[in-house]
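These protein sequences, in sequence, are chains P and A. If you count the first sequence from 1, position 340 lands on 336 in this note's numbering, and the numbers rise without skipping. If you count the second sequence from 1, position 201 lands on 197 in this note's numbering, and the numbers rise without skipping.
Any given hint could turn out to be false.
Identical copies carry no separate label here, and so any pair may be met within one copy or between two of them.
Here are the simulated lysine-lysine pairs, DSS-like style, with alpha carbons at most 30 Å apart [as the list claims (entries may be wrong)]:
(1) Lys80 to Lys176
(2) Lys105 to Lys224
(3) Lys21 to Lys187
(4) Lys155 to Lys187
(5) Lys20 to Lys80
(6) Lys187 to Lys80
(7) Lys242 to Lys224
(8) Lys339 to Lys392
(9) Lys22 to Lys392
(10) Lys105 to Lys149
(11) Lys385 to Lys365
(12) Lys392 to Lys224
(13) Lys80 to Lys392
(14) Lys155 to Lys385
By construction, these hints were calculated from the structure, which means they are not laboratory data. Quantities reported herein were computed from a predicted structural model and do not represent experimental measurements.
Listed here are the chains, written in short residue letters.
2 protein chains.
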Amino acid sequence: MSITDSLERIQRGAEEILLPEELKKKLARGRPLRIKAGFDPTAPDLHLGHTVLINKLRQFQELGHEVLFLIGDFTGMIGDPTGKSHTRPPLTPEQVRQNAQSYREQVFKILDPDRTQVVFNSQWVNELGSAGMIQLAARHTVARMLERDDFSKRYSDGKAIAIHEFLYPLIQGWDSVALKADVEVGGTDQKFNLLVGRRLQEQEGMEPQVVLTMPILEGLDGVQKMSKSLDNYIGITESPEEMFGKLMSVSDELMWRYFELLSFRSLAELEGLRQQVVDGRNPRDVKFELGEELVARFHSAAQAEGARRSFVERFQKGAMPDDMPEYVLDGQEGGIPIANALKAAGMVGSTSEGIRLIQQGAVRLDGEKLLDRAFSLPAGGEVVCQVGKRRFARLKVR
Amino acid sequence: MSITDSLERIQRGAEEILLPEELKKKLARGRPLRIKAGFDPTAPDLHLGHTVLINKLRQFQELGHEVLFLIGDFTGMIGDPTGKSHTRPPLTPEQVRQNAQSYREQVFKILDPDRTQVVFNSQWVNELGSAGMIQLAARHTVARMLERDDFSKRYSDGKAIAIHEFLYPLIQGWDSVALKADVEVGGTDQKFNLLVGRRLQEQEGMEPQVVLTMPILEGLDGVQKMSKSLDNYIGITESPEEMFGKLMSVSDELMWRYFELLSFRSLAELEGLRQQVVDGRNPRDVKFELGEELVARFHSAAQAEGARRSFVERFQKGAMPDDMPEYVLDGQEGGIPIANALKAAGMVGSTSEGIRLIQQGAVRLDGEKLLDRAFSLPAGGEVVCQVGKRRFARLKVR
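Looking at chain P on its own, in the form it has when it is part of the complex:
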């Protein structure tokens, strides 16, 4: 593969590369590059948002490079030294070992174990000792550290920044020195820290690492970043059905974003899919392909197909069209009886036809089968009503 092609694959989805010319130079040497990425040593429970970065690592591996999967256990074994966070108690070495094992199990669904070294920074950071920490701290100025967006904001907002927080970016940078990283991949929020690594390597007389930042993946809502706390995530250990169903729920626009950042299909293939949609293919069917690819990655191809079939079974058969007619009905005291509502909306020819269809189980309100023919739509309510397979209407009662 030519360097230009390699570069194009590496650039896919990346937010920024600093500096592309340096990366070109490194690639041109034809030696496997050392690609560093750092991970929290706490118990991993990865979601698709995390895999954006891991996918990038995999792409490097496909190009023949070596991934240094760094577990930041040094800080993990300190915990939160301010004692303010209950969620960051110090980890024991045994916990770190277990968490590393759990990482392996999860990331090796994406990464090639033969081109992955799992490394722990406690090894070289503990070696620094008190004096080494002073020397490391001397490498950066307070003013420069306060330029980091979050520090600058907290400082100007009068919120406390403990001094050790200034040391963490330096430690992360020192990891790059210790690992002789050629490239460090991180989220856009990590850019400052990744640049510290460049600087420290330069100070050590090394060729500085190329910094590659990946965007933060939007969650299912398409707006906020994917995160557990916002409950807009897809965990990579979720069941095939959950994973597939959640992927189907994303908007068509977000689907293309997910294709770019989560799919392993080539950019050419993605272009082909886009063209198919332009030519009239149902985007939902393309979304199926995304869902199947991702479920297959974390489970199996058979389970992916099963998840698709079960989804079609459960949802598509009862899927509601986006553009259904809407009727505003005049309710009375006690609402409006359902058969009358169906008639008024023109969904049935008569109230008795409505009653018969209800008895046959052919009427659904908001996707739920309605069997009570005496049911009344309450005044002020709104409901999606389905009769048979194809007749839909949104009914509002005023």
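Since the structure of chain P is provided, determine the placement of chain A on it from the hints.
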């Protein structure tokens, strides 16, 4: 001695005590207190300015307390990690040992060796290790550190503060924890750092140290702080004659300041001396007593007396009056012959008397005996001229 009397002696010359009630409480326990003071590990070449603090330590010893003479070798063995200072290369353990020995030789002229422990902070600071340094750094916020006067000024002036500089006050504070200091004595410029020690001790559940700051001694000029670089200092290893002579050169006002901060005479004795001057005693004679006391401290009583005698010999007999007449003479090409100048200034009756006096060795220019009767004062020059013991004039040639 009552606690009130002890407190009064401790307060003598002190700039500030934080907090006096706590010190009272500590004194009231009747146990020897642990008095900490920190010193630079570089080669000591102490001047009287340094001894202000050491004198205070001695006063504590006289009250039965124990001095922890801390040599900050941890940082000394790092040197200047920014590599910017050529004057702060890292010290070897051997150099630290030698410097400590040199400290002992110098300070034991003031301190009681039986009540002095010389301690080195590398012992406990190295033990902290990388993780301990992080935990220590977590004890303070950036904002709080930037409140320190010099940091705040440098930060607002846009001057670089390296991050390790934030760690040094914490290390100094940790020394107080490790030493279980009851009191820390330091210069006024150290107040911030001494308070860090209080805070860390409190965080460790210890009774916080009392902070006692001593003023910075003015140099011989009476205005700027005594320092080598300003050349307004008296080194404690200077010869008896130099030391005595320099002390004689200070103003009467500064003399009282030196009495307060450098003399071991009691406050009552000092009050007596002041009264004598009010009653008409020549302040110069009081200054002699100061000079003799200090020379005796660093040399011997006999040498002190010798220095005084030699001073009187060399300077007092030939001392120049402050208010001598001044003559502006008209020079010619090649200046003005000295005998003519003496005549023109009315210092001799005739040029031949001038020549005779020069031959007798009775004429001095700027204190130097003039033996060359053919000497001419150059145009544009200015000289203090002395004829015999009492005739003085300042001669300017234009």
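Evaluated hints:
In this homomeric assembly, lysine 80 and lysine 176 come within 30 Å of each other (Cα to Cα) only across copies, at 26 Å, whereas the closest approach inside a single copy is 34 Å. Taking the shortest Cα distances, lysine 105 and lysine 224 sit within 30 Å of each other inside one copy (21 Å), while across copies they are farther apart (69 Å). For the identical chains of this complex, lysine 21 and lysine 187 are intra-copy neighbours only, at 21 Å inside a copy versus 54 Å across copies, given an alpha-carbon limit of 30 Å. For a Cα distance limit of 30 Å, the shortest separation of lysine 155 from lysine 187 qualifies both inside one copy, at 22 Å, and across copies, at 25 Å.
Taking CA atoms no more than 30 Å apart as the test, lysine 20 paired with lysine 80 passes in neither setting, with 45 Å inside one copy and 35 Å between copies. Taking the shortest Cα distances, lysine 187 and lysine 80 sit within 30 Å of each other both inside one copy (26 Å) and across copies (28 Å). In this homomeric assembly, lysine 242 and lysine 224 come within 30 Å of each other (Cα to Cα) only inside a single copy, at 14 Å, whereas the closest approach across copies is 75 Å. For a Cα distance limit of 30 Å, the shortest separation of lysine 339 from lysine 392 inside one copy, 14 Å, qualifies, whereas the shortest one across copies, 126 Å, does not.
For the identical chains of this complex, lysine 22 and lysine 392 are neighbours neither inside a copy (64 Å) nor across copies (77 Å), given an alpha-carbon limit of 30 Å. In this assembly of identical chains, the alpha carbons of lysine 105 and lysine 149 never lie at most 30 Å apart, being 38 Å within a copy and 54 Å across copies at closest. Taking identical chains as interchangeable, the C-alpha atoms of lysine 385 and lysine 365 lie at most 30 Å apart only when both belong to the same chain, with a minimum of 12 Å there against 127 Å between chains. In this assembly of identical chains, the alpha carbons of lysine 392 and lysine 224 never lie at most 30 Å apart, being 33 Å within a copy and 90 Å across copies at closest.
For the homomeric pair lysine 80 and lysine 392, neither the shortest alpha-carbon distance inside one copy (48 Å) nor that between copies (77 Å) is at most 30 Å. Taking the shortest Cα distances, lysine 155 and lysine 385 never come within 30 Å of each other, neither inside one copy (57 Å) nor across copies (74 Å).
The structure shown violates the earlier hints numbered 5, 9, 10, 12, 13 and 14.
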